[in-house]
Amino acid sequence: MAQIETRALSHSYLPDPDYPADFALKELDLNLLDGHAYALLGPSGCGKSTLLGIISGLLRPTQGEILFDGQDVTHLNARQRHVAEVFQFPVVYETMSVFDNLAFPLKNRGFGREAIAKRVAEVAELLDLSEQLPRKSATLSAGARQLVSLGRGLVRTDVNAILFDEPLTVIDPQEKWRLRTRLKQLHRQSGLTMIYVTHDQTEALTFADTVMVMHEGRILQSGSPSELFERPKHKFVGKFIGSPGMNFLHCQFDGNAAIVDGQSIPLQRPYGTDIDGSSFELGFRPEYCEFSRDGSGIAAQLIDVDCTSRRKIAYLNAAGAKVCVSLPADQEIPADNHRIRIDPQRALLYAAEILVAERP
Amino acid sequence: MSLRIENLCSADDGVTHLQDISLQFDTNSFNILLGPARSGKTSLLRQIAGLDQAGSGRMLLHGEDITRRDVRKRDVAFVYQEFVNYPTLTVFENIASPLRVRAQDKQTVARKVHEVAELLGISDVLDRHPPSLSGGQQQRVAIGRALAKDAEVILLDEPLANLDYKLREDLRRELPRLFADKGKIVIYAASDPNEAFLLGGNTVVLDKGTVRQTGPAATIFATPASLSVARIMSEFPFNLLDANVENASCTVADTISFPLPAHMDSLSAGHYTLGFRAEQFSFAALTPAAVACDATVAVTEITGNETIVHIEFAGQSCVAVVAGTMTFRAGDTITMYLDPDSLFMFDSSGQTVASPTSSQS
Amino acid sequence: MSLRKRDYPKAWLLVLPVVLIVAFNAVIPLMTVVNYSVQDTFGNNQFFWVGLEWFEEVLHSERFGNALGRQLLFTGLVLAIEIPLGLMIALGLPKSGWRASAYMMLLALPLLIPWNVVGTIWQIFGRIDIGLAGAAINAVGIDYNYTQNAFDAWITVIAMDVWHWTSLVALLCYSGLKSVPEVYYQAAAIDGASRWAIFRFVQLPRLRQVLIIAFLLRFMDSFMIYTEPFVITGGGPGNATTFLSIDLVKLALGQFDLGHAAAMSLIYFLIVLLVCWLFYTIMSVGDSRPEPRQ
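Protein chains in written order, with numbering that gives the first Met the number 0: chain A, 0 to 359; chain B, 0 to 360; chain C, 0 to 293.
Pulled out of the complex, with its shape left as it was, chain A reads as follows (with noise of 0.2 Å):
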């Protein structure tokens, strides 16, 4: 079990990265508890795996150092480090049983076999793999042989992490949900850091304690998945969070109301009225508005709507830019005329992109 915390960690894979776009990680400073469940999610390229594969060990950052439980371990390798990963391709040694690719880490470290059979019977009791162990472990499916590689991870007892590189990716849909669900149990079972790094945010926001959005290397924010569903710190976090993601519009600001298309929509928050911040938006999210149904709202266009089986998605111009209103499946959308009301409790400004801080 550790506390993993890096400092100033930064990275890049060019030999003699100059500009900041060279660099794949950016200036991070991260504080893991013992214990947590972390997700670092992301799109394609955002640095989510080059943080993982330094963390792991696997990948020397360039500068910055990483440390666990207060020792700087920068120059020590996984072995060493006390990490296991279950990376995005099963990976079991086919020519062993589930016993002993259960087995094998413990024999690597010199376990005699009393103690071994002990512990491979106690994870695969939690694994449900118990009746799998004396079966070859190439006729497993992708499923299973994630287990058997998160398993792996188990049987040791000075594992200080158990790290995840998109585990799902190969899983088929029916497995992937149960898979999903047992690794949140087995997180609450062992106690044990587990990092996981994904661009699915289903997967991220279901499993973690703590989601860290991650965009061009550097960690945007890092909170609760309910968190980052109300108060994106940013408006990548916001549109890349919730399906569809949060909407934006542009806007004035009179310290207490956000004006758009001359509507005012009072913003029930202590922003303080010297706010100096110039392209101001709005933010809130489809969930948190509807169609009025009395003239009131800002006026838009209906485009197009989507149906899927519990809701209902209105994509609409309004105020110059693209707005989506979720509704519950069976409400109706008005033929014409179309005003969409925002839920002020809700509605979020941001100043630059960011979120614009409350005063206490």
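Among the hints, a few may not be true.
[Said to hold, decoys possible] Covered, in the sense of this in silico footprint (three residues per stretch, anywhere, with C-beta under 8 Å from a C-beta of chain B), are these stretches of chain A: (1) 72–82; (2) 165–173; (3) 237–243.
For the record, the hints were derived by calculation from the structure and aren't laboratory data.
Note that beta-carbon positions come from the ideal geometry of N, C-alpha and C, so glycine has one too.
Got chain A; can you put chains B and C on it based on the hints?
Okay, now just chains B and C, sitting in the frame of chain A:
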């Protein structure tokens, strides 16, 4: 004018891939093949493309029998899950490749390529090579090649599965528009029921190599023909419990009883399987007839502004989805409510014998 | 997933010329040999049927037994050295970069030399008067003379074969190693696996197909070896390095014992076929079944 498939069967090394498939796809239609892994979606697409030979059955395109026709002679375009492009050709040449095969003159080729690139938003990367592009762009190039071919039938095999979450959303919105009103037959394989809803058109539910149900996604959702269809059509795991019907009342897993709702009136006494969706659970009794269920929490997962609660109820694992953020610990006991009017009933062979009558289920 | 085979009647027309040529060059001569092996002559081109007599004679002949024994020993030694050595070289090659290309070029060089030139190179190389190795070894004090000492002749011929063909095994194994996904090495590192464990559990399973091919190729070629040892030692000293093919040629062309030679050829052919089939069947037993498609 259509593509008709009659009693198509295909097997390989003793494993049956498709069994007695009979379908009709009309021109200018967007069709979705929905099913879990190994349900026969890819096999069927490959049969239509001519990449595999059928064991028995026929395929007719506009009345012509194409069953034995060579893949090169079929007028079909295929978009794969894995962004398949010619890596050594530029994007321009990739999109132009089907046109060059037809030996069209330079000007026509250039014009068509630019049209297609414009439509897909990749005009600015025409001189780059696919491996240097992002996943979303590579897939657009693959779709561009399919569009440029101007084939009668366009087949897509889960083309969005390998894309990032957000890119998937963007491309998914564009797809129906790309193919609309061009007189094509589009057949799209998917495993996510939401894609069937969002892409629209006609949905064909496949399971274990057979067609289980066809129709608009919303109809199949509201009235699935069987348990397997209800499962396939569910975003979340479909909840199932043993039920016993006797004397106009239903007993679920020997714990909870309630009078039979209107849509189950005609059921005779006996054993059944009760089914309902995760979103049917609620924390308050929404109607007077709502049934209280005492359950134990196993795991909670929070997605945005919804919470997925995995519970143990009546000895079974169930899944509930509720709005808002709830935090329960494993082992907490909670009471959830079900409205009998929203429940499905299946007989012992898995056929649906009762579906909720309201429009949302 | 691959395209299934279909009936292409026109394809047979394209293959027909090749079939005719192969028939003319290979099948007909083979039939001629079979013909000779079951007949005898008193001269004057008059032949009469003797059935399996020649085969019996060959199988009971001490000379054949000795040549076969020598051949098996040679092939066994050569395989025992070349396969592990080639594998070790492949494991030592860098995975990518200009150095990898440079090494592969060097490795390919021995394979490009015509076989009789290889023989000539080593023949001179081993000479005690003008040969670099021959003279050097004797200068150091070790008695070495491949023209007179059977053991020295064997050492020379084996060294020549190893020099000539190990590269093939190395290149085949290298291509097999490249197919191992990087994640396997990473996972093994995290599991604390030793270098040997990585070889045994990650690399070797993936090299199976490649090693089968390498073994079969080297077995066939070394079992039928003729040119190089003939050029170096001519089969000597005495008949110390007279392998099967050399013996066969001596019989057929030297003594004109066509019937005996023909029977020996066929037995030779059948041995090679049998071993290859046996080995391939045994090694293919554990191969995976085809994956079910969606």
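We went through each hint and held it up to the structure:
1. 72–82: violated (count 0)
2. 165–173: holds (count 3)
3. 237–243: With 5 residues close enough to chain B, the hint holds.
The structure does not agree with numbered hint 1 stated previously, though it agrees with all others.
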